[in-house]
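Asks: Chain residues, written in single-letter form:
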Amino acid sequence: MNHDAYSDAYIRGILNTVKTIAMVGISPKENRPSYFAFKYLLERGYRMIPVNPGQAGKNILGQKVYAKLSDIPEPIDMVDIFRAAEHVIPIVEEALTLKTKPKVIWMQLSVRNNEAAKLAEAADLKVVMNRCPKIEYGRLSSEISWMGVNSRTLSSKRPRTLGAGVQRMRLGPASDNDNSG
Amino acid sequence: MAEAERIPGFATLAIHAGAKPDPTTGARATPIYQTTSFVFDDVDHAAALFGLQAFGNIYTRIGNPTCAVLEERIAALEGGTAGLAVASGHAAQVIVMHAMMTPGDEFVASKKLYGGSINQFNHSYKNFGWNVVWADPDDLSSFEKAVTPKTKCIFIESIANPGGVITDIEAISKIARKAGIPLIVDNTLATPYLCKPIDFGADIVVHSLTKFIGGHGNSIGGLIVDGGTFDWGASKGRYPMLSEPRPEYQGIVLHETFGNFAFAIACRVLGLRDLGPALSPFNAFLILTGTETLPLRMQRHCENTLAVAQWLSKRPEVAWVSYPGLPGDKYHALAKKYVPKGSGAVFTFGLKGGYDAGVKLVSNVKLLSHLANIGDTRSLIIHPASTTHRQLSDAQKVQAGAGPDVVRLSVGLEDKDDIIADLEQGLKAK
Chain G
0 MNHDAYSDAY IRGILNTVKT IAMVGISPKE NRPSYFAFKY LLERGYRMIP VNPGQAGKNI
60 LGQKVYAKLS DIPEPIDMVD IFRAAEHVIP IVEEALTLKT KPKVIWMQLS VRNNEAAKLA
120 EAADLKVVMN RCPKIEYGRL SSEISWMGVN SRTLSSKRPR TLGAGVQRMR LGPASDNDNS
180 G
Chain W
0 MAEAERIPGF ATLAIHAGAK PDPTTGARAT PIYQTTSFVF DDVDHAAALF GLQAFGNIYT
60 RIGNPTCAVL EERIAALEGG TAGLAVASGH AAQVIVMHAM MTPGDEFVAS KKLYGGSINQ
120 FNHSYKNFGW NVVWADPDDL SSFEKAVTPK TKCIFIESIA NPGGVITDIE AISKIARKAG
180 IPLIVDNTLA TPYLCKPIDF GADIVVHSLT KFIGGHGNSI GGLIVDGGTF DWGASKGRYP
240 MLSEPRPEYQ GIVLHETFGN FAFAIACRVL GLRDLGPALS PFNAFLILTG TETLPLRMQR
300 HCENTLAVAQ WLSKRPEVAW VSYPGLPGDK YHALAKKYVP KGSGAVFTFG LKGGYDAGVK
360 LVSNVKLLSH LANIGDTRSL IIHPASTTHR QLSDAQKVQA GAGPDVVRLS VGLEDKDDII
420 ADLEQGLKAK
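Each protein sequence line maps, in turn, to chains G and W.
Mapping the first sequence onto numbering that gives the first Met the number 0, position 32 (from 1) lands on 31, and the numbers just tick up by one.
Mapping the second sequence onto numbering that gives the first Met the number 0, position 22 (from 1) lands on 21, and the numbers just tick up by one.
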């Protein structure tokens, strides 16, 4: 797996498959990137579970916070890690001990730990590093194009709106015209 | 895994990048969203948009779907991460500097720039306390010497207006990198078809879209491309708009939140929002239409220009021709590296008859238009000493490349034989 450049199909496949995402290291402060990403993914229909030992038992955006992954009483499809690279390995190790192993380990923008990636890949998990799922969702749904961002996607098919809204866009099935990352 | 995904070529991007069918109507051409404002889905959506938590449209001063297509299109053509469309090339420069500079700061700029930029840097920026330090692109060490702890960026043009100078982007980008500051390149004269400065180490690209990208002489516009290459947090506190909590947005740190397109976001939500030089959606539409044919037009512009420059260099009335596309030109080697497909369509030449011969030529041409713009389908001519540079002393005129004998051409898309015939009759006429 080349972790310098992911294909759009790989990222789209992950975001179209996972339903439950545990976000480790989420901040309760509404001006932090983790809070932004959590709120955005929650609004797009993902089941979002906050993990932060300092906030355990409290609620963030209406969702109960757990101290650690193994406290979560339901299966998780993806672990989204908002911690500095040196803290990633124990989180991945814990994820691999869960009764139902997650399918994806995702490390946030600026977070990269190759050793942790190897651990997860050895257990057949997919890995994404140094990316933000909010930005990737916005990019592949064309929503981020409202902001003049280079989505690196071309299509002669109409982007679809999400639900009743006019400005929220839906992540469609694999596009014929996804570019390489 | 899907099979290998294609990376589209330049001509494909020039037509398609940013322009999927309209999500609500299916319109295939990009609609002109001639509206000031956009309704919110609900109160939460409005709050998320104002708080930068969602991507979407609020008010055309901050963003507009027609302008957004143009932004993504040019960002894709330049190989950048995001774009921001503004009212003019001058506005693009102000918004870029506003995102980096605080009063008392300095920036280093090449001496060989569009005259309007020299004026903006020398005079208007003084009111903001932004201090320009000039360097000479023919002496790269002058850039290194000009950098001080107060320097926030370096500004150059890829092909310098009034043409004839190719700047060594890669060498200057190394000086910027060493100093820990970004390199800004005005790529107006080259366009991304001829040169992609980000490939040579530029961090930010600015454009006057008014010229070759729009290409038809009908709309003023500007654009900023974020290369996504500069680490705004590397030097604590040096670029507070990017790396410090912003009081305008509840303490958000933009470079943490938006990663490699944070600079474009800063320009939009701090610069454009508060300073206000938004591009009209109608102008964005006209410029987009021009962009679709950019590769074809630039090929013809360069072909015509080389023919005209070669012809002029053999004329008895002409003392010299400054076009890097000509073998033997001082900048020919740099042109081969940076603009191998052609040296653009703007260049200068000198008349042996001096000032009076220049006035006579611009008065006598019948096909070429005597005006101050460049980058039109039409061929354009100007005699700077009697027009744009009239207020300067003779010594200043020479220094600015606008001596009494200098004529500037912007070669258009007419038949090259007709352009040459008009210049011939203009040179011969009494």
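Any given hint could turn out to be false.
Said to hold, decoys possible - Estimated spans, in silico, between C-beta atoms of each pair:
| no. | chain 1 | residue 1 | chain 2 | residue 2 | range |
| --- | --- | --- | --- | --- | --- |
| 1 | W | 34 | G | 155 | 43 to 51 Å |
| 2 | W | 272 | G | 57 | 55 to 63 Å |
| 3 | G | 57 | W | 274 | 38 to 46 Å |
| 4 | W | 41 | G | 121 | 44 to 52 Å |
| 5 | G | 156 | W | 41 | 40 to 48 Å |
| 6 | W | 102 | G | 86 | 34 to 42 Å |
Because the hints were derived from the structure by calculation, they are not lab data.
Ideal Cβ positions, reconstructed from N, Cα and C, are used throughout, including at glycine.
Asks: All hints are to be evaluated individually against the structure, with a verdict given for each.
Replies: Tested hints:
At about 26 Å, the CB distance of residue 34/W to residue 155/G disagrees with the hint of 43 to 51 Å. Checked against the hint of 55 to 63 Å, the pair residue 272/W and residue 57/G fails, with Cβ atoms roughly 34 Å apart. In this structure the supplied range 38 to 46 Å holds for residue 57/G paired with residue 274/W, their Cβ-Cβ distance being about 41 Å. The supplied range of 44 to 52 Å is met by residue 41/W and residue 121/G, whose beta-carbon atoms lie about 45 Å from each other.
With their beta carbons about 27 Å apart, residue 156/G and residue 41/W fall outside the hinted range of 40 to 48 Å. Between residue 102/W and residue 86/G, the C-beta spacing of about 40 Å keeps the proposed range 34 to 42 Å intact.
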